[in-house]
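**Student:** Sequence:
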Amino acid sequence: MMAFRISVVILCILFHYYEGASIGNKDFCSKLIFKLSLFSQRQENGKWETHVELNKGNTTEDSEHEKDLHLDVKQTIATCNCTKDVLSVEANIIAPPPRPSKNYTLYAGHGYYFLQKLLQQSEEANFLCNNEGAHLAVINSKDEADIVKKVIQDTMGHDSANKEVFVGLYKQAGENIITVYGDAYEVPDGIIQENDDRKQEQDNFVSLCGTINVKGNLKFVPCQWKLPSICEQEL
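Each number in the numbering used here corresponds to the 1-based position in the sequence shown with 117 added.
Just so you know, these hints were derived from the structure itself, not from any lab. For glycine and all other residues, C-beta sits at the position ideal for the given N, C-alpha and C. One or more of the hints may lead you astray.
Straight-line distance between alpha carbons at most 20 angstroms, and here's what the computed EDC-like set of lysine to aspartate or glutamate pairs gives [stated by the list, open to error]:
#, residue 1, residue 2
1, Lys-266, Asp-300
2, Lys-336, Glu-303
3, Lys-336, Glu-311
4, Lys-259, Glu-303
5, Lys-288, Asp-271
6, Lys-336, Glu-292
7, Lys-288, Glu-240
8, Lys-259, Glu-240
9, Lys-280, Glu-240
10, Lys-219, Asp-271
11, Lys-332, Asp-300
12, Lys-343, Glu-240
13, Lys-234, Asp-263
14, Lys-266, Glu-351
15, Lys-336, Glu-240
16, Lys-288, Glu-241
17, Lys-332, Glu-311
18, Lys-259, Asp-306
19, Lys-280, Glu-311
20, Lys-332, Asp-306
21, Lys-266, Glu-311
22, Lys-259, Glu-351
23, Lys-259, Glu-311
24, Lys-336, Glu-241
25, Lys-343, Glu-241
26, Lys-280, Glu-292
27, Lys-336, Asp-300
28, Lys-336, Asp-306
29, Lys-219, Asp-300
30, Lys-332, Glu-241
31, Lys-267, Glu-351
32, Lys-336, Asp-263
33, Lys-234, Asp-271
34, Lys-332, Asp-271
35, Lys-280, Glu-241
Label pairs and their calculated CB-CB ranges [said to hold, decoys possible]:
#, residue 1, residue 2, range
36, Lys-219, Asp-260, 22 to 28 angstroms
37, Asn-247, Glu-170, 30 to 36 angstroms
38, Gln-158, Asp-306, 58 to 64 angstroms
39, Ala-225, Gly-307, 16 to 22 angstroms
40, Asn-209, Asn-334, 40 to 46 angstroms
Let the hints inform the model, and build the full structure from the sequences given.
**Tutor:** Below is the structure:
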């Protein structure tokens, strides 16, 4: 009887994802756990068999926080020098980003948006957006500017006429505009960049932060000013 060596490869990985949210003055986190188990064994007949199991669960009972996880597994067996079998197993897990809190509104083809009425500096505003899996909105098109206009109008109502809110754009004195990600930014066609009549006050600040008003026009003001802000989570 021909004898075969039995080889076993076992892989078990436990992942934890945390979602943060801020409601009023109360912070809470929901915790998503998924476990990947991979068991690969060479049988007595020389064949390799691989079993993969992916388990996921959420520590909260809110079904809206459930995630769709995708697992791709590739197993390759190569014979080296006619004497050795080399087993290679690759596993890729694709998980979506955390879903935003219930305060966010979905606009198809663009993303989720939420206007924070709390008056705060740009950096503080982006921090709160980050806590909810989002970032200060980056206006990439005239259509997106129109969406943000609607969010401002719907949230602030008659108080929106003279309001401007922080978005995820920044500018150093004499330098080009960058986004919250540090990427170069060009003002899209159809969007007006206003000159602020408070320029003399702006000149006392090195860093300027982008705002958008109910007209959909962009403007840059000192980052230390305290304004409402709009958060975005991309699709």
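**Student:** Against each hint, give a clear statement of whether it holds in the structure.
**Tutor:** Evaluated hints:
Of the supplied pair hints, the one linking Lys-266 and Asp-300 is violated, its CA atoms being roughly 24 angstroms apart against a limit of 20 angstroms. This hinted pair checks out: Lys-336 and Glu-303 have alpha carbons roughly 13 angstroms apart, not beyond 20 angstroms. For the hint linking Lys-336 to Glu-311, the alpha-carbon distance of about 5 angstroms falls within 20 angstroms, and the restraint holds. Straight-line distance between C-alpha atoms of Lys-259 and Glu-303 comes to about 12 angstroms, which keeps the hinted pair within the 20 angstroms bound.
With a C-alpha separation of about 29 angstroms, the suggested pair Lys-288 and Asp-271 falls outside the 20 angstroms cut-off, and the hint is violated. Only pairs whose Cα atoms come within 20 angstroms are accepted, and Lys-336 paired with Glu-292 is accepted, the gap being roughly 15 angstroms. With a C-alpha separation of about 13 angstroms, the suggested pair Lys-288 and Glu-240 falls inside the 20 angstroms cut-off, and the hint holds. Distance hint between Lys-259 and Glu-240 is unfulfilled; the C-alpha atoms sit about 25 angstroms from each other, more than 20 angstroms.
For the suggested pair Lys-280 and Glu-240, the alpha carbons sit about 19 angstroms apart, so the restraint of at most 20 angstroms is met. For the hint pairing Lys-219 with Asp-271, the CA-to-CA distance comes to about 16 angstroms; that is within 20 angstroms, so the pair holds. Restraint check: the Cα-Cα separation between Lys-332 and Asp-300 comes to about 25 angstroms, which exceeds 20 angstroms; the hinted pair is violated. A C-alpha spacing of about 10 angstroms is found between Lys-343 and Glu-240, which places the hinted pair at or below 20 angstroms, so the restraint holds.
Pair hint Lys-234 plus Asp-263 holds up; C-alpha atoms about 19 angstroms apart against a cutoff of 20 angstroms. For the suggested pair Lys-266 and Glu-351, the alpha carbons sit about 17 angstroms apart, so the restraint of at most 20 angstroms is met. The straight-line distance between the Cα atoms of Lys-336 and Glu-240 is roughly 17 angstroms, inside the 20 angstroms bound, and the hint therefore holds. About 17 angstroms separates the Cα atoms of Lys-288 and Glu-241, which keeps this hinted pair within 20 angstroms; it holds.
Distance hint between Lys-332 and Glu-311 is fulfilled; the C-alpha atoms sit about 11 angstroms from each other, no more than 20 angstroms. Taking the CA atoms of Lys-259 and Asp-306, the gap is about 7 angstroms. The hint holds against a cut of 20 angstroms. Simply put, Lys-280 and Glu-311 have alpha-carbon atoms about 14 angstroms apart, close enough for the 20 angstroms limit, and the pair holds. Distance check on the hinted pair: Lys-332 and Asp-306 sit about 15 angstroms apart at the alpha-carbon level, within 20 angstroms; holds.
About 16 angstroms separates the Cα atoms of Lys-266 and Glu-311, which keeps this hinted pair within 20 angstroms; it holds. At most 20 angstroms may separate the alpha-carbon atoms for a hinted pair to count; Lys-259 and Glu-351 meet this at roughly 16 angstroms. Of the pairs offered as hints, the one joining Lys-259 and Glu-311 holds, with about 15 angstroms between alpha carbons and a cut-off of 20 angstroms not exceeded. The straight-line distance between the Cα atoms of Lys-336 and Glu-241 is roughly 19 angstroms, inside the 20 angstroms bound, and the hint therefore holds.
Among the hinted pairs, Lys-343 with Glu-241 is consistent with the structure: their alpha-carbon atoms are about 9 angstroms apart, no more than 20 angstroms. About 26 angstroms separates the Cα atoms of Lys-280 and Glu-292, which puts this hinted pair outside 20 angstroms; it is violated. Between Lys-336 and Asp-300, the direct Cα distance comes to roughly 18 angstroms. Compliance with the 20 angstroms bound is thereby established for this hinted pair. About 15 angstroms separates the Cα atoms of Lys-336 and Asp-306, which keeps this hinted pair within 20 angstroms; it holds.
Taking the CA atoms of Lys-219 and Asp-300, the gap is near 29 angstroms; set against the 20 angstroms cutoff, the hint is violated. Restraint check: the Cα-Cα separation between Lys-332 and Glu-241 comes to about 25 angstroms, which exceeds 20 angstroms; the hinted pair is violated. Of the supplied pair hints, the one linking Lys-267 and Glu-351 holds, its CA atoms being roughly 17 angstroms apart against a limit of 20 angstroms. Proposed proximity of Lys-336 and Asp-263 is supported: the alpha carbons are some 16 angstroms apart, at most 20 angstroms.
In summary, the hint linking Lys-234 to Asp-271 is supported, as the alpha carbons are separated by about 12 angstroms, within the 20 angstroms threshold. A hinted pair counts as satisfied when its Cα atoms are at most 20 angstroms apart, and Lys-332 with Asp-271 qualifies at roughly 13 angstroms. A threshold of 20 angstroms between alpha carbons decides the hint, and for Lys-280 with Glu-241 the separation of about 19 angstroms falls inside it, so the pair holds. A hinted range of 22 to 28 angstroms for the beta carbons of Lys-219 and Asp-260 is consistent with their spacing of about 25 angstroms.
Separated by about 33 angstroms at the C-beta atoms, Asn-247 and Glu-170 satisfy the suggested range of 30 to 36 angstroms. A hinted range of 58 to 64 angstroms for the beta carbons of Gln-158 and Asp-306 is consistent with their spacing of about 60 angstroms. The supplied range of 16 to 22 angstroms is met by Ala-225 and Gly-307, whose beta-carbon atoms lie about 20 angstroms from each other. As the Cβ distance of Asn-209 to Asn-334 is approximately 44 angstroms, the hint placing it in 40 to 46 angstroms holds.
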